[in-house]
Structures are given as C-alpha cells and as structure tokens.
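*Asks:* Residue numbers (the numbering used here), protein chains in the order written: chain V, 1 to 158; chain Z, 1 to 286.
These aren't lab readings, by the way, just hints derived from the structure by calculation. For each residue, glycine too, the CB sits at the ideal point set by N, CA and C. Incorrect hints may appear among the rest.
[Said to hold, decoys possible] Calculated cross-link-like contacts (lysine to aspartate or glutamate; reagent style EDC-like; alpha-carbon spacing at most 20 Å):
| hint | chain 1 | residue 1 | chain 2 | residue 2 |
| --- | --- | --- | --- | --- |
| 1 | Z | Lys155 | Z | Asp102 |
| 2 | Z | Lys264 | Z | Asp201 |
| 3 | Z | Lys14 | V | Glu28 |
| 4 | Z | Lys90 | Z | Asp115 |
| 5 | Z | Lys264 | V | Glu48 |
| 6 | Z | Lys118 | Z | Asp138 |
[As the list claims (entries may be wrong)] Residues of chain V clear of chain Z, computed beta-carbon distances all greater than 10 Å:
| hint | residue |
| --- | --- |
| 7 | Leu3 |
| 8 | Tyr94 |
| 9 | Ala100 |
| 10 | Leu121 |
| 11 | Ile144 |
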Amino acid sequence: MKLRNNAIGLSIIVALVLQIMPMPSIVEQYRPDWVFLVLGYWALALPERVNVGVACFVGLILDILLGTSIGVHSFAMSLSVFVLAANYQRLRNYSVWQQAVVIGILCALYNLVVFWLIHLLTDIYFILTYMWPVVTSMVIWPWIFWLLRRVRRQLHLS
Amino acid sequence: MNSIFLRGPSLQIKLVFALAMSASLIVFDHVYDGFATTRVYLNSVVSPIQYLANLPSEMLNASASRLVSHQQLVEENAELQHNAVVLNGKLQRYILLQEENDRLRRLLNTPVRGDIRKEVAELMAVDNNPYSHQIVIDRGAIQGVYEGQPVIDDKGIVGQIMQVGSTNSRVLLISDVTHAIPVRVARNNIRMIASGSGSLDDLIIQHVPHSADIQEGDLLLSSGLGNVFPEGYPVARITSIVRDEGRPFAQVNAAPVAQLDRLKYLLLLWPNNLVGPEQQNSGLEQ
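Bound conformation, chain V alone (with noise of 0.2 Å):
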C-alpha cells in the first residue's frame, strides 16, 4: 500500500539519481535525460497527478543537485512537460516509436531552452555534442514507457 503511494515519487528519484550520477568522460556526455523521460511518462500516462506542478517542482531540486542558477531547469522542465500534459489524449494513441519522436522533439526543446537561458546568464558557446541526449533520450523511452508502463499496472495506480 505504501509503495503504491509513493511510486512515482520514488521514480523521480532514481532519475535524479541516474542523472547525476557519475560516468565516465567518454558516456557523460551520451547521457539522455532521465528525469525529463519519467516526468514524461508520467504526464502522459496520470496528468492528474504529474504535470506543470511537479515538474517544476523536480526542476528546482536539478537546478541545486547540477549547480545552475535556481529556476533554469525548473523553467524548462515546466514548458516541455506542459506540452505533454496538454496533448496526452492524442499522444497516448500515438504507436511508441511516434511518442519516441515526439519526446525527442520536446527533449531537443529542453536541452536549448537550458542552453538559452544559461548562454543569457554566460557566455557559453553552442556544441553539438549538447544535444547528444535528444538522441538518447529518443532511443531509451520505448524501453522507460514499457517499463513505468508495468510498474503503473502491477500497482494499479491512477
């Protein structure tokens, strides 16, 4: 009953932590962008429940484990999850591989929309290695969707 209460919760969670995880050099920058990926599926699948709230909620606890400027992540979080909220009835027909393309859209959104606002508060340069985890985000949610998709049936949360 417990687990059931605090199951997306503790998703967010082990996110965060593989976010921040430390890798080596040579897969950093590969990394795709778990929070983004779960907050994603969870606003498709319970837009009740996680939508513009959590996400910037689970922004700002980004933008203090990564060492940004508070309200950067949680800017960026909000507007592309806001997206995912918005259209869930249409995205949920939607075959996995079409969601996966649509997620990378957003996630390409979120990855710029943290560079602009870091690059207005810096001088930073644009790479294209940044926008590494737009593909690996893409490639990694149909296997997140199959499995958040079998933690939400065995729990029969909604």
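Once you've looked at the hints, dock chain Z against the given chain V.
*Replies:* Just chain Z, lined up with the frame of chain V:
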C-alpha cells in the same frame, strides 16, 4: 479514474505561474545573488541524493580494493616506498632552501612567508552539466571550507570553491567559461590572465601583445594577484601561439597542468591560514 477532464486550475494558468516563478528565481539568484546563503541549506537538503548517486562507484571502488592480489600490493608498496625516499630527499633540500630564504628575507626586512594550512579532500561527484565545469568534494563548512578557497591536486591548480554546503562543497574548475586566473610565465615573469574555454584541456590567454616573449611549452604559475590563489602553483603549459598581425592580440592557448578529467584526491589550501570571508571573489567573475 477521471483522466478525460482535469480538475484544479487549468494547465495554462499553472504553466504561466511556473514560468513566471522560474524566471523571477533566475533573476533573483543570478542578478542579485539572493541564494548565496540559502544554497548551503539547499545543498544539504539534496545531499542524500548525491550520496545515493555516488554509492555504486564507491561500492565498485571498495570491491576493487578488496580484490587486489598480494603481488600487486607488494609492488605498489615498493613503489610508494621508493617515492617516499625520493620525495624525502627533495624535502631535505627544500627545508634548507626555505630556511635560507627566510634568513635572506629577514635581512631585507620583508615579511617571512608562513606555511599554508592544507587538507586532503576527495572527489564526490562530477557535474554532468555540460555548460559549466564543477565538481563536488567531501569537505564543507564544518571543516572550515569557505567560498573562494583555492583547490589544487598533486600537479597544479584545479579551481576554487564556489558554493559551500555543511558537509560537501562545489568547486568551480579553472576551465569553466566564467573562470579566470591571474598567472605569470615561470621563465620571465610576464603577467597574463588565463580564462577557461569550456573545454577541460584548454585555457585561453587573453590580451597578450604580439611582442610578448612567450614560447610554446612555457609553464604558467599562479601570480598571487587577485588574492584568491596563493603565488607559485603551476596552472598550465602553453600549447599554441598564433601571432596574426591582423588581430589586436596574439591568440594563445594553454593546457591545464592539473588533470581535470581524472581528479580523485584534492588538496584544499588556507592561504595565510586565515579562515574567513575576507578574501573572496575577484577571480570568480572576470
């Protein structure tokens, strides 16, 4: 289950609210630096997640150190003993030189340089934020770490403390785009400023006149100007000089001496043994 119609305030209102809040937080944090004191608590609140994320690599390290063969240990021990003898030999010379230097300084009536308090810290996490180069170390305010404190490794300067938590703190590396460090050429004491480029193995030396006497391979030491980094620690080695007369300055690049991509043990310095907020920033933002 009611997933056809959403209850509560509509999504658009939530979005506008979230975006407005994030934007004002960014302005509050970045422009007014309003979270400077709260960050300590915020970092402490989220530090369990950091410890959790660090766990797998620590477990790997622990099991790896358990599974070392006797042969390897003997070899390592021999090598360390060899190193200790060599270093001690050098140290004898160093003590002699230091005493001589102190005597000469006393003769010249200049203040004698004291020893600097040092403490070893260990790397906890490397930020995967590709836009800025920061690492997290396992020392914090409890151990007397303060903002703007210099951090070095066994080769050279690594960076400076950017945010302090109670048990961990965040180091801004010298290769970060917002970081710059005053340096001088070891060979002839020409003063320059080495700014980070955003790439771990490259620093940009700005505003170097074409006529400056520098060569590829020159070692750059910290100059001690700016009162953040103590004088005389190795920073970088010059890798390329492009003297294009069409440009106002020569383009000079240097590679950091410290191995920024494979840090493990770091050394925190307390210049002048002072633990206090007096000697901050100046190097942090150019």
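*Asks:* Next, verify each hint and record whether it holds.
*Replies:* For each hint, the structure was consulted:
1. Z:Lys155 <-> Z:Asp102: Not OK: Lys155 (chain Z) and Asp102 (chain Z) at ~25 Å, beyond 20 Å, violated.
2. Z:Lys264 <-> Z:Asp201: With Cα atoms ~17 Å apart, Lys264 (chain Z) and Asp201 (chain Z) stay inside 20 Å; holds.
3. Z:Lys14 <-> V:Glu28: Violated: Lys14 (chain Z) and Glu28 (chain V) sit about 33 Å apart, past 20 Å.
4. Z:Lys90 <-> Z:Asp115: Between Lys90 (chain Z) and Asp115 (chain Z) the Cα gap is close to 17 Å, so the pair holds against 20 Å.
5. Z:Lys264 <-> V:Glu48: 45 Å, violated
6. Z:Lys118 <-> Z:Asp138: 15 Å, holds
7. Leu3: Leu3 (chain V) is indeed farther than 10 Å from all Cβ atoms of chain Z, at 18 Å.
8. Tyr94: Given that every Cβ of chain Z is farther than 10 Å from that of Tyr94 (chain V), nearest at about 16 Å, it holds.
9. Ala100: Given a closest Cβ separation of 22 Å, the condition holds.
10. Leu121: 5 Å, violated
11. Ile144: For Ile144 (chain V), whose nearest Cβ neighbour in chain Z is about 18 Å away, the distance exceeds 10 Å, so it holds.
Violation of the numbered hints given earlier is confined to hints 1, 3, 5 and 10; the remaining hints are satisfied by the structure.
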